[in-house]
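Protein chains: 2
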Amino acid sequence: MAKRQQVAQQESFRSMTPSQFFYEYREVAGFGSPSRALYQTVRELVENALDATDVHGILPDITLVIEQIPEHPSYYRITVEDNGIGIQPQHVPYAFGQVLYSSKYKLRQARGRFGLGAKMAILYGQIKTGQPVEVYTSPIGSSKIYFFRIKIDIERNKPIVLAKGEYPNPSGWHGTRVSVVIEGDWPRARHRVHEYIRRTAIAAPYANITFIDPDGNITVYHRTIDKLPKQPREVKPHPQGVDIELLKQLIRKSKATTLLEFLIDAFQGVGRKTAEAFLDWAGFDKNLDPHKLDDRKLEKLARKLREYQRFRPPSADALSPFGPEIIEAGLRTILKPEFVAAVTRRPRAYEGHSFIVEVGIAYGGQIPPSSEPILLRYANKIPLLYDEKSDVAWKVVDPKNFDWRNYLVVFPAPVAVLTHIASTKVPYKGVGKESVADVPEIEQELRNALREAARKLREYLLQKKKEEEAKKRVITFMKYTPEIAKSLATILKDYSVDENSIREMLLTAMKKRLRIEDEKFAKLVEGLEVNIEE
Amino acid sequence: MAKRQQVAQQESFRSMTPSQFFYEYREVAGFGSPSRALYQTVRELVENALDATDVHGILPDITLVIEQIPEHPSYYRITVEDNGIGIQPQHVPYAFGQVLYSSKYKLRQARGRFGLGAKMAILYGQIKTGQPVEVYTSPIGSSKIYFFRIKIDIERNKPIVLAKGEYPNPSGWHGTRVSVVIEGDWPRARHRVHEYIRRTAIAAPYANITFIDPDGNITVYHRTIDKLPKQPREVKPHPQGVDIELLKQLIRKSKATTLLEFLIDAFQGVGRKTAEAFLDWAGFDKNLDPHKLDDRKLEKLARKLREYQRFRPPSADALSPFGPEIIEAGLRTILKPEFVAAVTRRPRAYEGHSFIVEVGIAYGGQIPPSSEPILLRYANKIPLLYDEKSDVAWKVVDPKNFDWRNYLVVFPAPVAVLTHIASTKVPYKGVGKESVADVPEIEQELRNALREAARKLREYLLQKKKEEEAKKRVITFMKYTPEIAKSLATILKDYSVDENSIREMLLTAMKKRLRIEDEKFAKLVEGLEVNIEE
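Protein chains in written order, with the working numbering: chain A, 38 to 571; chain B, 38 to 571.
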């Protein structure tokens, strides 16, 4: 007993800063091995670069350079430069040197959300190679370019600025250039990094992306369209996504003196009428001061807001889907299929967050037949490459759950599916942003979108089948035509009808019979010579 | 341009506390939906209860009660009581009211690690139902029982103690009782919660576990053995798992004045000889003061420690595997198979963390045939129920990657595999602790363990096949014996040998021929009457 007592008293507790936590458990953020860390670093920096440009109405020009450090072959310098909005110099130390500090904690669609990604790359580089991050940045309209060299004080979660400087900016450059040195494994990461950049370029055809890799390969993805997609706007929270904590935060920020005003002021899509109807239904006096609600009342208000079924659905202003054209063009570029179809569904919501689901299907052509569909996942325009089988999109397209035969697809088949979930909050399963949780509303929408796209594929395959049958009949007919023509010519020789004319007549009769136009017929018999000569 | 400039200047940054972060992204910790949250709450509280007992040499008595709150049918109170070491009262507010505060940030095998789980349940309950956590605790040997009612100040990540009290403790009770009220979905969580408790009980046959569920069912898992497994001890870090940050921390804590002393003092398995050989190899003066190393030297020292191949492998003192007996007993209890085999591999290491892999195989009996193996995953004695397909264990047992036919298993087959990874750091893919990353060293050990266990299965199946063939031959023989005996009796009637004696002689000859012992023969012909009579 004495010994146990000692144990109990020795049991020591300690607290951790967020940077200590993510330092200890870096693998949950995608920094578990050198190859994965290299991939993840590229992702985080490129996604920040895109979030600094297209979200703010700027056509992106992005350069990614990965270099091997000659003295230490397992160390790599990764540099990403964008022409984005830049960062005000007073924010730079925190934006790069403090975990959980971000401009992205907002209700609008953005690639990043956790305020974690770039800092994880910096932290990982720092603990493995000892190298700080280097940042050059110039906010739009600034006459200066600012330079910083920063480390993270992990125990305190604070930036350490090792060096800083200012340079004149005569050319009016704006944007950010970030450089980190990490322990990496390029040979193992090569394939995924190239695939990631390729798929990113396909999802952002309005961007110029230049990628110089450690092997010296230069890959340039040129802008193919000059129009940016609709920019996502920041929106107010939706009442159905509310909990007690959010309610408290909103009340603290609000100057409203009555519940009625507060609801109209704090939430999206709530006008006077809706607010009055809700308060009446929920049993609240509309003139109550929201700042004076006690915990019980707050709990009730939050619960009633979640339960009320008559709020307007969440706004899609904060969302920016691809649209079917970009998806179809993307699929053609990646897969060179014989058929593509894409569907963009209307906005829906889960827990107060709006989302839009998009699905594209590609079939045949250069797609290799496989026992399962090839799946290309995107979330808020980010390609997702890891943990496919635990993603809600896989659950939906999996032949175990989706009856592909209804759509005339029998595996092994040459079929690929692209999925995109655009949302103010993509419900990732982890902070590494690799797979999306199976939220019922999203799963259902994915299934609906897949059905819609698969119906188009079905039509195409039906049509194709019909044509193949027609072709078969033509072939059979053509095979016997010379014989028949010859016989008829012999029979009719007194009437001086020559074989060729008879052949022509027979073909015309057949075309009429099969209702095939001349053009189509020419296509059908194209390349059939060998068969016909048999 | 003016508008863009405005945008750039408006871009606002903010920082988050860990509790705000995990509040916003609670789904990454397993609190994404009411049903999942209910399951996750049970897990976190039960795992804490076990970590407070068996890890400290106490046979666990654990009670779990889930009650529906009558006024709000979607609210549930979850209470877990243990007979563990208890918590010193001065730690209680932080242990339950501050995210990332824990006694578990140590190098020894424990179920919890993140210092996050119970707090997530408390936080989730608080934001949905407004209810605080209630804690009763008494450290071993304490004359008092302490009571606390606590909320989390999410914006500051600090505990708010709403109430506290002390009671006399005449019976000498020790342990902790925690109660939270959360929004849940029992009908959807029921199956997983029961399965989780069942599998936990199987993994801890030395525990009494009582579970009262909201339907009023009382399930009691009685202790079946009185012996605790070997207790894991806290160990020093292994030099191969070192990075610059850890090195700095160790130096800061160390009183050593030379590099030589520091290495011996700070790392496991490093004696004077090893330390000298390493420093010589790495090119460091052994008399250098570790506190005076600059960043370049630190980077070099950390890198060389990682690269040196001649350190002793990490110690397994910190680990506590199941052992083959517990695994085999567990598989028999869960699956009622006809055959089981289990393997506990020797300790190995990845990145300075020791680990032990165990694999059990069960075959036939009441296991239903399936196109894939049934997989039961454990990590540090926790059953893992979600995200199976993204777990390294699935990757290893997947018939696409493992050639089961080599071991005479052809799918569909009635086969189940249990895997256990015990480690000072299980490389979970997420903070929800649901799937393990495919660290190459662990993957390889799992594969070796599976092969080893599968070879035993193969032997069994070979033996079974042999016996079936023997049985077939016996049947064939037995079928004709009466006929032959009759004929022989007729032929030999002058020698007055009766039919029965001839039959006996024939049987004896056959047994000799087939080399079957009497006992085995009896077993083979058991129930064959019908066939023989044909």
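In short, the hints are calculated from the structure, not lab data.
Remember, it's a predicted structure, so these values are computed and weren't measured experimentally.
Be careful, since some hints might not be right.
From the derived model, a few chain A residues whose C-beta atoms are all more than 12 Å from chain B [what the hints assert, rightly or not]:
(1) 63
(2) 118
(3) 273
(4) 328
(5) 365
(6) 472
(7) 514
Stretch-level coverage of chain A by chain B, calculated; a stretch enters the list once three of its residues show a Cβ under 8 Å from a Cβ in chain B [unchecked claim]:
(8) 307-316
(9) 432-445
(10) 458-471
Just so it is clear, CB atoms sit at the ideal spot from N, CA and C, and this is done for glycine as well.
*When you look at the beta carbon of residue 118 (chain A), is every beta carbon of chain B farther off than 12 Å?*
At about 17 Å from chain B, residue 118 (chain A) clears the 12 Å cut-off, so the statement holds.
*Holds or violated: is the Cβ of residue 328 (chain A) farther than 12 Å from all Cβ atoms of chain B?*
holds, 16 Å
*With d taken as the least Cβ-Cβ distance between residue 63 (chain A) and chain B, does d exceed 12 Å?*
Since the minimum Cβ distance to chain B is about 10 Å, residue 63 (chain A) lies within 12 Å and the statement is violated.
*Counting residues of the segment 432-445 of chain A with a beta carbon closer than 8 Å to any beta carbon of chain B, are there 3 or more?*
violated (count 0)
*Verify the coverage statement for the segment 458-471 of chain A against chain B, using a C-beta to C-beta distance below 8 Å and requiring 3 or more qualifying residues.*
Since 6 is at least three, the answer is holds.
_Please verify the coverage claim for the segment 307-316 of chain A: does it have three or more residues whose C-beta sits within 8 Å of some C-beta in chain B?_
That given contact is violated, which follows from only 0 residues of the segment 307-316 of chain A lying within Cβ reach (below 8 Å) of chain B.
_No chain B beta carbon within 12 Å of residue 273 (chain A)'s_ = Answer for residue 273 (chain A): holds, closest chain B Cβ roughly 16 Å.
*Beyond 12 Å from each Cβ of chain B, as asserted for residue 365 (chain A)*: holds, 30 Å
*Check on residue 472 (chain A) being off the interface with chain B, judged by Cβ distance over 12 Å*: For residue 472 (chain A), whose nearest Cβ neighbour in chain B is about 7 Å away, the distance does not exceed 12 Å, so it is violated.
*Once the closest CB in chain B is found, is it more than 12 Å from residue 514 (chain A)?*
Its Cβ never comes within 12 Å of chain B, the nearest being 46 Å, so this holds.
Going through the hint list in order, the structure does not satisfy hints 1, 6, 8, 9.
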